[in-house]
Amino acid sequence: MYELTIITEFEAAHQLPDYPGKCSRLHGHNWKVEVTVCGQELNHLGMVMDFKDLKAEVGKVVDTLDHYYLNDLPAFKSTNPTAEYIAKYIYDTLANNSVFQQGISIRCVQVWESPRSAVKYCPQE
Amino acid sequence: MYELTIITEFEAAHQLPDYPGKCSRLHGHNWKVEVTVCGQELNHLGMVMDFKDLKAEVGKVVDTLDHYYLNDLPAFKSTNPTAEYIAKYIYDTLANNSVFQQGISIRCVQVWESPRSAVKYCPQE
Amino acid sequence: MYELTIITEFEAAHQLPDYPGKCSRLHGHNWKVEVTVCGQELNHLGMVMDFKDLKAEVGKVVDTLDHYYLNDLPAFKSTNPTAEYIAKYIYDTLANNSVFQQGISIRCVQVWESPRSAVKYCPQE
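Protein chains in written order, with our numbering: chain A, 1 to 125; chain B, 1 to 125; chain C, 1 to 125.
It should be emphasised that the hints constitute simulated quantities derived from the structure, not laboratory data.
Warning: the hint list may mix true and false statements.
Repeated chains share a single entry, so a pair holds when one copy, or any two copies, can fit it.
As the list claims (entries may be wrong) - DSSO-like cross-link-like pairs, simulated, lysine-lysine; straight-line CA separation at most 30 Å:
| no. | residue 1 | residue 2 |
| --- | --- | --- |
| 1 | Lys77 | Lys32 |
| 2 | Lys52 | Lys22 |
| 3 | Lys22 | Lys55 |
| 4 | Lys55 | Lys77 |
| 5 | Lys22 | Lys77 |
| 6 | Lys60 | Lys77 |
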């Protein structure tokens, strides 16, 4: 199997109102996002898919988070905007995207809330 | 499944007495440690577990290695303090820790002996 | 299971003649290569295998790519030198290498074409 991974970032504000500590305050992060797709076959160019196309699709999703107050967004209406739910939101949005051709699937989304703290969402594992 | 990963470091001295080369000399490293835990469910805050709690537990284990001569420690009485056995020691110590709640388990521990050399211990794979 | 990962780099030129865009032009990259081998057992030194030996074997393969025009090489006679086929070439060459002892196998090769774009080849997954 081949796995393609691309990395991007977004900056946003959030808070976890019912958290017993500093995270309950309004604050923010530079989140780093790693998206991995996989496929068994290569196309006539020798690629699972074009990095450029993958970056464009991920970019559209990340644009819905970048420089927003996450708690205000529809995606986090009923959940806290934790790294867990941010990863799940990005994964679910991409998984419903018809741009990915047959034979290519999203494998996981990893969200780094700091250079030392990450959550990976891999629903198939 | 969700995976949480946190990164920390420790600095220590070690030597591999029966190694046929430079590693037999007393030397040291800055080891980077990546600990990954996993869980299927999120708690009421939207987390597998608090990064802060995971860092605290890993910190307790890493404190037993930091700024020591590893060959002198009980953990390496009968084995060489290689990256392999360091990863296994951290994993085993965490796996026996009752702080991790039901439904959360240690998945793997990766120890970087240099920015280009790592060992990952994943006993369940 | 234990996994050993080592990281190295090579610099080379390539082009994808039939690609509809900039990659069809002659250009080049600093490719970063991560090779992972795995084993269940540790030897008498407490290692899956010596990092030094793994680096030496990977170095021999990477030397066949470093500072070449990849499209000219026998390895890419019938395929484009994409990150996908570069990862597969490194994996296949290492997998046929008798230096790896019984019980140690190549798990995957990940090739970073930029700090934000990678392909991992894992034929066993």
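Should Lys22 paired with Lys55 be assigned to within, between, both, or neither, using CA atoms and 30 Å as the limit? between (34 Å within a copy, 16 Å between copies)
Checking an output row: Lys22 and Lys77, CA cutoff 30 Å. Within, between, both or neither? Cα proximity of Lys22 and Lys77: one copy only (21 Å, versus 42 Å across).
First find the shortest C-alpha distance between Lys77 and Lys32 inside one copy, then the shortest across copies, and answer within, between, both or neither for a cut-off of 30 Å. Within. Shortest intra-copy distance 22 Å satisfies the 30 Å Cα cut-off; inter-copy 38 Å does not.
Checking Lys52 and Lys22: alpha-carbon separation at most 30 Å within a copy, between copies, both or neither? between (38 Å within a copy, 11 Å between copies)
For Lys60 vs Lys77, is the C-alpha pair at or below 30 Å within one copy, between two copies, both, or neither? within (20 Å within a copy, 37 Å between copies)
State whether the alpha carbon distance between Lys55 and Lys77 is at most 30 Å within one copy, between copies, both, or neither. both (27 Å within a copy, 29 Å between copies)
Comparing the model with each numbered hint stated earlier shows that all of them hold.
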